[in-house]
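K.L.:
Build the complex from these two chains, which are given one at a time in their own frames, with help from the hints.
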Amino acid sequence: MKELIKELTEAFGPSGNEDAVREIIKKHVAEHVDEVRVDPLGNLITLKKGKPKSGVQSRKIMLAAHMDEIGVIISYVDDKGFLRFTRVGGVFPLTLLGSRVVFADGSTGVIGREKPEKRDEFPRMDKMYIDVGAVDKEHLNRKVGDVAAFVRPFVDLGQRLTAKAFDDRIGCAILLQTALELKTTPHDVYFVFTVQEEVGLRGALTSAFGVEPDVAIAVDVTLTGDTPEAHPMAVSLGAGPAIKVKDRGMLAHSGVKNWMANTAERLGVPYQFEVLEGGTTDAMAIQTSRAGVAAGVLSIPCRYVHSPSEMVDYDDVQNAVKLLVGLLSGPVDLG
Amino acid sequence: MQIKEFLKKLSEASGVSGYEASVRELVREEFSQYADEIQVDTMGSLIALKRGEAKDDLPRRSIMLAGHMDEIGLLVTKLEKGFLRFATVGGFDLRVLLAQQVVVHGRRDLPGIIATRPPHVLTREDREQVVPLDKLFIDVGLPEDELSQWVRVGDVITIRRQFTELAGDLVSGKAFDDRAAVACIGHCLQHLTTLKHAWDVYAVATVQEEVGLKGALTSTFGIAPDIGIAIDVGHGNMLGVSEMDTVKVGGGPAIGFGPNIHPLMYSRLVETAKSYEIAHQTDPIPGRSGTDAWAMQVTREGIPTALISIPLRYMHTSVETLSLKDLERIGRLLALFIANLEEAFAEELGLKKAHT
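Protein sequences appear in the order of chains A and B.
When you line the first sequence up against my numbering, it's residues 1 to 335, in that order.
When you line the second sequence up against my numbering, it's residues 1 to 356, in that order.
Okay, chain B solo, but in the shape it has when bound (with noise of 0.2 Å):
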C-alpha cells in the first residue's frame, strides 16, 4: 500500500493504549504482504518476522524495528446526569480537548463531543483559565437512562478526526505519534522486497508506549534482538518554539544521539544516509528519550539501540502534522540500513556469538 493511503488509514482507527485491536488487524493486513511470520504477544504488540538470508557458517542475527501503534485517549469514569466524566489515558493537553468530537467505544460505537460551557455563561477568571479535567464532560445525546443501556465506567473514548492532506506535502491527522513510524516501517519492509539481507528483521507494533513503554519493554524481551531502532516523533518547526528544540519538517529522518543511543548505530544510520544521499537531520537527545527505545536498550544484557524521529508539529493534538517524504526517507534509509548490516558489524558492536 501507498505510504499516505497506510498512514491514513492508521490515524483514523481506534486505538487507545491497552485497546489497539482494531489497528493490529490493519497492520497485520500490511505487513503480512512483506514477512514471513506474524505474532502476538501477550501484551498484544503485533511482531512481524522477515527472514534474512543469512549464510549457514554465521550467526543468525535479527534487529527489531519498533513503532507504537497506541495513541492517547479517554476513558469514562462516571455516569452523570446524562452527561460523562473521563480521564485521559497519555498525556492528553488539557487545552486542545474542548469542543473535540469523539467516539464512545460503549456496547456501540457513539459519536459525541466534549462540551464547552459557553463564553457568556463564564466569569472573566473562567475564561481565562484551562479548564480541568474534573469540570470536562462528554455528550453523546442521550437521554439518563438510555445513555447506561450503552455506555460503563472503563469505557474507552477516542478523538474523531479525518486525515487531511494540507497543501504541499503535508498531511494533518491524530495519532501519528506514533502511527507514522508503523508506516515507516512498512515502507521499509516493502523495499526491502526488493533488497538483500542477511539479518532477520522483526518488525514490531508496538503497544502501550503513551502509558509507559510497555509494548516495547515486554516484547524486546520476548524477541531478545542483537540491535534495535526506534521509530517516533519529534518535534518539528514552528512559530513561538526555538529551533534549538526542534527539527525540520521535511528535512528528513532525524537521527539521534545521545546515552540512550548506541554510538555505533548512530554512525552508521548517518554514514547510511550519506551514501544513499537521503536527506537527514541530526537530533541530540541529552538523556531520557521517552520513546520504546528507553526500554528497549535495557532490556535483558543490553541492547545496542538506535532512534530516528519523525519530524512532526503538534504533537499530543488531533492536528499532529507531518510530511510525506519524511516517511518515505525513514522507511528507505531503513531497509538501505538493514540490507548493509554484515557479521563485521555486529563484532563492531562486540555482540556475543552465542546463537546460530
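With the rest of the complex left out, here is chain A (with noise of 0.2 Å):
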C-alpha cells in the first residue's frame, strides 16, 4: 500500500486541478468497482454493487476521500518575471518560505520573500513571490491564474510516513485499497472521490447530491495533540484510526459513531474518538444534502496539517482499512 500512498501523494491536484489524481486513482480502481463515472464538478464515482444477503437490509453507502490538496495561484506578474500569489485553501504563509513550488507542467518556481522590516516579522503572502527562474518576462512562461502545488518527496520512516497532502490522498488510498480487499458487500458503496474539499466542501455538496446516500463515512485526515506543547487534544499517532465525535463543522451522526466503534471493538481494531476544535471535513456538506444523511467520519491522526512534511502512522492506515471492510461487509446498524 506504500507505493499506492507515494504515487497519490506525489500527483499535483490543487482544488479545481484535480485531473492527474483522478486518472491514477482511476486506473487503481477500475477492475474493482462495477461503474465508474466523473460528474459535471469533477468527482469521480465509483460503485461497488451489493450481493443482497438474507437477514441484512442493503443500504447505499457513500464513503468520501477527496482528491484535491491546497496550493497557491498567481495573482500578478511584475515587469521582471517575479510572479505574486494567494492561497488556494488554507494555506500558512510560515510554511512557504523556503519551498519549492511546482505548476501542472511539472516546472518549478522556489518562493522567496522581500526583506522584512524587522527581523522576526511575521511572514504574510502578500510580501512573497515565486521565482521559476525566468531571465526576464519575455522568457517567462507563467500567467496570472497558474496554481501550484509544494513539491515535497513521499518518504517511509519505518512505522510513520511523511509527505505533503496525506490531506487527503491518505483517504485517497484508504479508499482505494478498501475496495480492493472488500470481496463482497450486501450494500451499493460508492467510492466517491471528491473535488474542491479545500476550498468549502464543494465537492462533496455535489457529488451526495447526485448519489442520494443513506449512509456516509468521509476518511479525511485529523489533528492530533502528541507533539511537544500541542493544543491539548486527545487524538494520537498510532493510537487507532479516530472516530470522530465533532469537529467544527458538524456533529456526526451518533449511530453511525456507535456502529462504527462497535464494529472496532468487535474486529478488535484499535480506536479513538476525536473532538476536532478546528475545521471540518466532506462529512458536513453530505450530512445536509437534500432530506439529510447519516453521516460520520473516519479520521486518519495526522501531524502537521496543511504543512508540506504531514506525518501519519502506517498502523492507523492499514486499521482504518481493516475497519470499513468490516463495516461495509455486514448489516449497518445505526441503534
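None of these hints come from the bench; they were simulated from the model.
Note that the coordinates shown come from a computational prediction; the quantities given were computed from them, not determined experimentally.
Positions of the beta carbon are idealized from the N, C-alpha and C atoms, including for glycine.
Accuracy of the hints is not assured; some may be wrong.
[Claimed, not checked] Label-pair restraints from in silico Cβ distances:
| hint | chain 1 | residue 1 | chain 2 | residue 2 | range |
| --- | --- | --- | --- | --- | --- |
| 1 | B | E37 | A | G145 | 49 to 59 Å |
| 2 | A | E265 | B | Q101 | 31 to 41 Å |
| 3 | B | D245 | A | D333 | 43 to 53 Å |
| 4 | B | E25 | A | G200 | 33 to 43 Å |
| 5 | B | E243 | A | G112 | 50 to 60 Å |
| 6 | B | Q281 | A | G200 | 51 to 61 Å |
| 7 | A | D333 | B | R108 | 14 to 24 Å |
[Unchecked claim] Stretch by stretch, here's where chain B covers chain A in the computed footprint (C-beta under 8 Å, at least three residues):
| hint | region |
| --- | --- |
| 8 | 16-28 |
| 9 | 53-66 |
| 10 | 241-254 |
[Said to hold, decoys possible] Some chain B residues flagged as far from chain A (calculated, every beta-carbon gap over 12 Å):
| hint | residue |
| --- | --- |
| 11 | E20 |
| 12 | D36 |
| 13 | K78 |
| 14 | V89 |
| 15 | E146 |
| 16 | E165 |
| 17 | L166 |
| 18 | M238 |
| 19 | K274 |
| 20 | I285 |
| 21 | R288 |
| 22 | K325 |
| 23 | L351 |
| 24 | K353 |
P.N.:
Put into C-alpha cells, the structure is as follows:
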C-alpha cells in the first residue's frame, strides 16, 4: 500500500485541478468496482454493487475522500517576471518560506520574500513571490491564474510516513485499498473521490446530491495533540483511526459513530474518539444533502496538517482499511 | 398537557445538538395526541402531520411549523488527572459556566460541577478575567481510574437546572431556547383540534439548530411545504440592553419582518393577531435571523417563510426567562392563522399549483 500512497501524494492536484489524481485513482479502482463516472464538477464516483444477503438490510453507502490539496495561484506577474500569488485553501504563510512549488506542467518555482522590516517579522503572503528562474518577463512561460502545489517527496520513515497532501490522499489510498480488499458486500457502496474540499466542501455537496446515499462516511485527516506543547487534544498517532464525534462544522450522526466504534471493538481494531475544535470535512456537506444523510467520519491522525510535510502512522492507515472493510461487509446498525 | 407542564418537562430534559433523542420522545408523546402521523427523519427531526380537510377540487397545501428541540451543551475532550476537559456545542457564554451543576452522560449519567478555582488562589489579573475554555474543567468526584471506566472522550454534558416559577407569570430555566417554541407548537396543535383547517400542518421539532440550522435545512427539504413559520426566541427587555434591541416580555408574540420574512406572511400574521385581539409586537430583523427561518426560506425553490419570536431574557444561559402567557398567545395565533388559510392566500403568494 505504501507504493500507492507514494504515487498519490506525489501527484499534482490543488483544488480545481484534480485531473492527474483522478487519472491515477481511475487506473487503480477500475477493476474493483462495477461503475465509474465523473460528474460535472469533476468528482470521481464509483460504485461497487451489493449482493443481497438474507437478513441484512441493503443500504446505499457513500464513502468520500477528497482528491484536492492546498496550493497557491498566481495573481500578478511583475516586470521582472516575479510572480505574486495567493492561497488555494488553507495555506499558512510560515510553511511557504524555503519551499519549492510545482506547476501542472511539471516546472518548478521557489518562494522568496521581500526584505522584512523587522528581523523577526511574521511572514505575510503578500510580501512573498514565486521565482521560476525567468531571466526576464519575455522568457517567462507563466501567467495569472496558473496554479502550483508544494514539492515534497514521500518518505517512508518505517512506522510513520511523511509527505505532502496526506490531506487527503491518504483518504483516497484508504478508499482504494478498501475497494480492493472488499470481496463482497450486501450494500451498494459508492467510493467517491471528491474535488474542491479545501475551498469549501464543494465536490461533496454536489456528489452527495447526485448519489443520494442513506449513510455516508468521509475519510480524512485530523489533528493530534501528541507533539511538544501541542494544543490539548486526545488524539495521538498510532492509537488507531479516530472516530469523529464533532468538529467545527458538524456533529457526527451518533448512530454512525456507534456503529463504527462497535464494529472496531468486535474486530479488535484500535480506535480513538475525536473532538476537533477547528476544521471540518466533506461529511459536513453530505450530512445536510437533500433531506439529510446519516453521516460520520473516520479520521486518520496526522501531524503538521496543511504543511508540506504531513505525518501519519502506517498502522492507523491499515487499521482504517480493516475497519472500513468490516463495516461494509455486515449490516449497518445505526441503533 | 398544560403548556407549563410541557415546558417544564422539555426544559429539564437533556438534548444537546445531535443528541436530542430523549427530548424527541417527550415531543412525540405530546404531539401524537393531536397528529395523524408522526415520523422521525434521518437527522432526527420529529415531524408530526395533522391533516387538513381540503376540498377535493383544490390543490393540497401545507404549512410547516418549526421549533428546535436541541440545546447548547458541552462535550468531553479529554480526561486529565481525574478531571474532565470539555468543548462547547453551540454558542455557550464562558462567563456563565463557572460553578454550574452538570450531568455528564457517560456510560451512566454522572452529576458533576464545573470547577472554579477559589478567589484566594487567583492573581488579581485572573480574578478580573473571563476564564478561558482551556482553563475550565469538570469534577464528577470519581478517582482517576474509575473515571475512565464511565466517561470517554466525546461524551455529552448538559447543564442541570430545575424549572422555576418566578412570581407573576414568568418562568425561568434552561433550554427555553427553543423548547418554548416546541411548547407553543404543541399548544397550537391542541387548539387546532377545536378548529377546522384546510391546509395540512407539519409540526416539526428540529434538531441541530444551534450548530448551523441543520435540522431545518433537511426537514424542510423532505417535507417541501408550501409555506413555513419558524418560532424561536428573541431578546426580551432587561436592564443594560437598549429598548431598540429588545422586545417586551409579556407583550405577546414578536412578529418578525425583514428580508428573511415574506412580507405577505408577516402582514397576514399581524392581521390575524389584530382581528382576534391577540397582544403582539413587531420585531424588525434587518438581516440574517440566525433561526430555522433562515434555512427554510431558501430550501428547494424557496418557501414563503415567517418568524415569530418569543420574548426571552438571558438567552444562552441556564436562567432563560419568559412569560407563559406569551407562549399561549403564540400557540393561539398560529392555530388561528392556520385555520384561516385558504387557496386565495396561496394565489396571493404565487404558489405553484403543481401538487394536488
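K.L.:
Hint by hint, note whether the structure agrees.
P.N.:
How the hints compare with the structure:
1. In this structure, B/E37 and A/G145 meet the distance hint of 49 to 59 Å, their C-beta atoms being roughly 54 Å apart.
2. The hint said 31 to 41 Å for the Cβ distance between A/E265 and B/Q101, and at roughly 32 Å that hint holds.
3. Taking the beta carbon of each, B/D245 and A/D333 are about 48 Å apart, inside 43 to 53 Å as hinted.
4. Checking the proposed 33 to 43 Å range against B/E25 and A/G200 shows it holds: the Cβ atoms sit about 36 Å from each other.
5. The hinted range of 50 to 60 Å is satisfied by B/E243 and A/G112, whose Cβ atoms lie roughly 58 Å apart.
6. Take B/Q281 and A/G200: their Cβ atoms lie about 39 Å apart, and the range 51 to 61 Å is violated.
7. Judged by the Cβ atoms, the range 14 to 24 Å given for A/D333 and B/R108 holds: they are separated by roughly 22 Å.
8. Counting residues of the region 16-28 of chain A whose beta-carbon sits less than 8 Å from any beta-carbon of chain B gives 0, not enough to reach three: the coverage restraint is violated.
9. A count of 0 residues in the region 53-66 of chain A with a Cβ less than 8 Å from any Cβ of chain B is obtained; the coverage claim is therefore unmet, three being the minimum.
10. Coverage of the region 241-254 of chain A by chain B holds. Counting CB-CB distances below 8 Å, 8 residues qualify, and the rule asks for three or more.
11. With a least beta-carbon separation of about 10 Å from chain A, B/E20 fails to lie farther than 12 Å from that chain, contradicting its non-interface assignment.
12. Taking the minimum C-beta to C-beta distance to chain A, about 20 Å, the non-interface status of B/D36 holds against the 12 Å cut.
13. Distance to chain A contradicts B/K78 as a non-interface residue, since its nearest Cβ pair spans about 5 Å, not more than 12 Å.
14. At roughly 7 Å, the least C-beta separation between B/V89 and chain A is not larger than 12 Å, which violates its mark as non-interface.
15. With a cut of 12 Å on Cβ distances, B/E146 stays outside the contact zone with chain A, its closest approach being about 18 Å.
16. Distance check on B/E165: its Cβ is at least 33 Å (rounded) from any Cβ of chain A, clearing the 12 Å threshold; non-interface status holds.
17. At the 12 Å boundary, the C-beta of B/L166 stays outside the reach of chain A, the nearest C-beta of that chain being 33 Å off.
18. Its beta-carbon lying about 31 Å from the closest one in chain A, B/M238 satisfies the requirement of being farther than 12 Å from that chain.
19. Distance check on B/K274: its Cβ is at least 37 Å (rounded) from any Cβ of chain A, clearing the 12 Å threshold; non-interface status holds.
20. Under the 12 Å C-beta cut-off, the non-interface status given to B/I285 relative to chain A holds; the minimum distance is some 23 Å.
21. For B/R288, the condition that its CB be more than 12 Å from all CB atoms of chain A holds, with the nearest at approximately 17 Å.
22. The non-interface label for B/K325 is consistent with chain A: the shortest C-beta to C-beta separation is roughly 35 Å, beyond 12 Å.
23. At roughly 21 Å, the least C-beta separation between B/L351 and chain A is larger than 12 Å, which holds for a residue marked as non-interface.
24. With a closest Cβ-Cβ approach of about 23 Å to chain A, B/K353 is found to remain outside the 12 Å limit, as its non-interface label requires.
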